[in-house]
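Going line by line, the protein sequences match chains D and A.
The UniProt record's numbering puts the first residue of the first sequence at 1, with every later residue one more than the last.
The UniProt record's numbering puts the first residue of the second sequence at 1, with every later residue one more than the last.
Just so you know, these hints were derived from the structure itself, not from any lab.
Keep in mind the model is a prediction, meaning the values are calculated, not measured.
From the three backbone atoms N, C-alpha and C, an ideal C-beta is built for every residue, glycine too.
Fair warning: there could be bad hints in the mix.
Claimed, not checked - Residues from chain D shown here face chain A by an in silico Cβ test under 10 Å; the list is partial:
| hint | residue |
| --- | --- |
| 1 | 10 |
| 2 | 14 |
| 3 | 48 |
| 4 | 71 |
| 5 | 122 |
| 6 | 126 |
| 7 | 128 |
| 8 | 147 |
| 9 | 181 |
| 10 | 204 |
| 11 | 212 |
| 12 | 218 |
Unchecked claim - Subject to a maximum C-alpha distance of 25 Å in a straight line, what follows is the list of computed PhoX-like cross-link-like pairs (lysine-lysine):
| hint | chain 1 | residue 1 | chain 2 | residue 2 |
| --- | --- | --- | --- | --- |
| 13 | A | 27 | A | 17 |
| 14 | D | 7 | D | 17 |
| 15 | A | 158 | D | 228 |
| 16 | A | 7 | D | 27 |
| 17 | A | 228 | D | 158 |
| 18 | A | 17 | A | 7 |
| 19 | A | 228 | A | 80 |
| 20 | D | 158 | D | 27 |
| 21 | D | 27 | D | 17 |
As the list claims (entries may be wrong) - Just so you have them, the derived chain D footprint on chain A, three or more residues with Cβ under 8 Å:
| hint | segment |
| --- | --- |
| 22 | 27 to 37 |
| 23 | 42 to 56 |
| 24 | 63 to 75 |
| 25 | 104 to 113 |
| 26 | 150 to 157 |
| 27 | 163 to 172 |
Protein chains: 2
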Amino acid sequence: MTGIRAKARLETTSEIKRLAREQIASKGAANLSLREIAREMGMASSALYRYFASRDQLLTDLIIESYDDIGSTVERADAKCSREDLAGRWRAVSQSLRTWAITNPSDYGLIFGTPVPGYEAPTDTIAPALRYTNVLLRLLADVQAAGCRPLITVPTTKGVSREYKRARANLGINLTDEMILAGLAGWAALFGAISFELFGHVDTVFTDPGAHFLALSEMLGSQMLGMK
Amino acid sequence: MTGIRAKARLETTSEIKRLAREQIASKGAANLSLREIAREMGMASSALYRYFASRDQLLTDLIIESYDDIGSTVERADAKCSREDLAGRWRAVSQSLRTWAITNPSDYGLIFGTPVPGYEAPTDTIAPALRYTNVLLRLLADVQAAGCRPLITVPTTKGVSREYKRARANLGINLTDEMILAGLAGWAALFGAISFELFGHVDTVFTDPGAHFLALSEMLGSQMLGMK
DNA sequence: TCAGTAATGTGAGCACTGCTCTCGTAGTTG
DNA sequence: CAACTACGAGAGCAGTGCTCACATTACTGA
Numbered sequence: 001m002t003g004i005r006a007k008a009r010l011e012t013t014s015e016i017k018r019l020a021r022e023q024i025a026s027k028g029a030a031n032l033s034l035r036e037i038a039r040e041m042g043m044a045s046s047a048l049y050r051y052f053a054s055r056d057q058l059l060t061d062l063i064i065e066s067y068d069d070i071g072s073t074v075e076r077a078d079a080k081c082s083r084e085d086l087a088g089r090w091r092a093v094s095q096s097l098r099t100w101a102i103t104n105p106s107d108y109g110l111i112f113g114t115p116v117p118g119y120e121a122p123t124d125t126i127a128p129a130l131r132y133t134n135v136l137l138r139l140l141a142d143v144q145a146a147g148c149r150p151l152i153t154v155p156t157t158k159g160v161s162r163e164y165k166r167a168r169a170n171l172g173i174n175l176t177d178e179m180i181l182a183g184l185a186g187w188a189a190l191f192g193a194i195s196f197e198l199f200g201h202v203d204t205v206f207t208d209p210g211a212h213f214l215a216l217s218e219m220l221g222s223q224m225l226g227m228k
Numbered sequence: 001m002t003g004i005r006a007k008a009r010l011e012t013t014s015e016i017k018r019l020a021r022e023q024i025a026s027k028g029a030a031n032l033s034l035r036e037i038a039r040e041m042g043m044a045s046s047a048l049y050r051y052f053a054s055r056d057q058l059l060t061d062l063i064i065e066s067y068d069d070i071g072s073t074v075e076r077a078d079a080k081c082s083r084e085d086l087a088g089r090w091r092a093v094s095q096s097l098r099t100w101a102i103t104n105p106s107d108y109g110l111i112f113g114t115p116v117p118g119y120e121a122p123t124d125t126i127a128p129a130l131r132y133t134n135v136l137l138r139l140l141a142d143v144q145a146a147g148c149r150p151l152i153t154v155p156t157t158k159g160v161s162r163e164y165k166r167a168r169a170n171l172g173i174n175l176t177d178e179m180i181l182a183g184l185a186g187w188a189a190l191f192g193a194i195s196f197e198l199f200g201h202v203d204t205v206f207t208d209p210g211a212h213f214l215a216l217s218e219m220l221g222s223q224m225l226g227m228k
């Protein structure tokens with residue numbers, strides 16, 4: 001059963017992934033080299049294909065792990081707060097997002113950066129990708145249930161409410177149009193700010209982007225989303 | 001002066017760039033192959049190095065062109081509006097941003113996607129990169145001058161106003177803390193939303209992301225930024 | 001227990017990549 | 001017209017992902 005091979009396989013697999021992450025961090029996903037991994041491990045490059053069908057498969061596995069990592073990080077941050085402390089939960093979630101992104105910049109790039117054209121995200125990635133999303137959705141539901149109202153209204157554009165109706169169905173939630181718009185706006189602002197910071201678009205403007213990010217998330221939570 | 005060579009050089013250079021963009025669009029920046037470009041042009045691969053010092057140099061040149069392209073697109077959209085029509089200008093700018101991104105997805109990815117670690121953006125890219133930013137900054141300045149006030153206040157976090165003071169100096173602008181925060185929030189939300197859409201993170205949620213984007217930008221402009 | 005099977009590692013090899021170097025040719029310029 | 005320089009060709013180097021035939025070695029069922 002749990003013989004020598006099964007154990008060795010696990011170890012080899014995770015060692016490959018570890019070295020792959022190292023390479024991606026130092027030289028970028030584009031320059032990930034299976035041969036170099038094999039060299040570092042002292043084995044023939046062809047042996048790697050016993051563990052991963054291709055370079056793309058290895059990358060996909062790393063992406064799934066990263067989704068799970070950010071998912072559990074955000075879940076933990078949210079779980080630490082009292083359920084009624086909505087503003088505190090929003091703060092915890094947004095801070096944990098940025099912290100995770102800064103700690104694992106190459107993983108963030110892997111997930112939220114430029115995708116490879118034609119790379120169809122395998123279905124295996126969908127569930128892990130939903131974990132961090134669900135934390136926000138649950139928070140929004142709790143906000144709505146607590147009677148908080150976002151400080152905004154939805155412009156009466158034809159098609160918008162139909163689109164939001166569809167979103168409710170697809171995501172299995174029951175949020176008002178205002179809440180959906182406000183939630184997506186906050187979500188987009190957080191990730192936009194993190195991407196700007198991580199991808200080097202505000203280097204010349206800020207010296208302490210964290211201070212701005214904190215102000216941003218406070219503003220989004222308390223004022224736009226109306227959390228108390 | 002303007003001999004046969006000078007003319008041929010311009011033509012060859014732009015033909016290389018054209019084919020490069022084609023390749024990036026179909027196979028991604030990571031899979032851009034100089035040899036394939038040479039093959040398609042019917043010339044030796046080594047000849048390409050008379051025009052671009054390296055693959056990276058070619059990519060850098062493409063990035064600069066893209067910055068200029070998005071910059072002029074946004075400038076044109078803004079210029080079409082009456083100066084006093086602040087809400088109209090915001091709408092025009094944000095719509096032109098998304099339209100450009102959707103029309104040129106690979107260029108958007110090149111600029112706003114995952115950067116290559118260690119790739120130091122050459123100084124040549126700074127000026128073109130500021131063009132689209134400046135359109136927003138001028139709009140924010142006009143909004144402030146018109147007496148509009150964003151519907152938000154800046155949380156009194158220590159360090160934030162110091163940071164915004166620095167931003168004022170670095171960008172050569174004179175906006176209030178509220179306006180800076182609101183402007184950056186709106187900016188981040190727009191790009192966050194575009195990135196989510198383009199990089200395939202809302203595929204399963206929306207069928208017409210444009211409707212949501214319009215609602216988002218209207219909300220950001222009229223309510224968060226307080227444009228009239 | 002022991003033969004058969006399946007998992008694992010090897011090394012050669014194919015077709016590709018970016019890039020360099022030498023060498024000949026053909027525009028340009030004093 | 002001679003000297004110079006820009007340009008293109010082709011060979012070659014070191015690297016890549018991936019495949020395949022071939023050993024070896026751990027597991028497994030009779």
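- [ ] Check each numbered hint against the structure and report the violated ones by number, ascending.
- [x] Of the numbered hints given earlier, those the structure breaks are 1, 2, 3, 4, 5, 7, 8, 16, 20, 23 and 24, listed in rising order.
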